[in-house]
Amino acid sequence: MAIKDWDEEDRPREKLLQRGAGALTDAELLAIFLRTGTPGKSAVDLARDLLADFGSLKALLDADQARFCQANGLGSAKYAQLQAVLEMAKRHFQEILQRGNALTSPDITRAYLSAQLRGYSYEVFACLFLDNQHRVIQFEELFRGTIDGASVYPREIAKRALHHNAAAIIFAHNHPSGIAEPSQADQHITDKLKQALALFDIRVLDHFIIGDGLPYSFAEHGLL
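Residue numbers for the sequence shown follow numbering that gives the first Met the number 0, beginning at 0 and rising by one.
Check each hint, because a few of them may be wrong.
Unchecked claim - Straight line, CA to CA, 20 Å or less: simulated PhoX-like cross-link-like pairs of lysine-lysine: (1) Lys191 / Lys158; (2) Lys158 / Lys193; (3) Lys89 / Lys77; (4) Lys77 / Lys40; (5) Lys57 / Lys77; (6) Lys57 / Lys89.
It should be emphasised that the hints constitute simulated quantities derived from the structure, not laboratory data.
Construct all of the structure, not just a fragment, from the sequences and the given hints.
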């Protein structure tokens, strides 16, 4: 059955307008992006097939052009459209957390860091430098590694924090595996950085791990 023949409350676009984007499934959101299906399949059916093919929405969004365009119902035009959407989302959060804005919402911070660090096939360690009123000074990606990890140097982070005259800092790094759980090494380097920065009266507010799903917060789990 074509989507136009569904009950209005079940159609993805109408459902979004009535209940908000958060009420939609991954397949329904993707169907709105796709707009049309393929012969014999609605946009929702195609979206479900694509999610099964790629394994997850994140995997589809992170796919390179060659892999993306191999999938049924996709192509270079859709790839360009998707990249534009992702970049707009990234710039949206950049504007929200532009220099001088105070951090008022953990959810916005999570979304911003996810937008910055999602999609890397290797590990990236980044810092969000803040003043004493938790206003954003600068976001910087400082260390990059392989799929297994990145070497993080406390002295370099301290130098950058002093350069920005930061009073507080939030760490973030991604796990290319998608598993947003801290390793013993993650805990060790966080403790080491916290001790090093305390010598300069710079507070570590949180450390987020970006993977699949909700980013992991060290502060919320009592690890700081």
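Hints, one by one, checked against the model:
1. Lys191 / Lys158: Holds, at roughly 15 Å.
2. Lys158 / Lys193: holds, 14 Å
3. Lys89 / Lys77: holds, 18 Å
4. Lys77 / Lys40: holds, 18 Å
5. Lys57 / Lys77: holds, 16 Å
6. Lys57 / Lys89: Cα-Cα ~15 Å, so holds.
Checked against the numbered hints given earlier, this structure breaks none of them.
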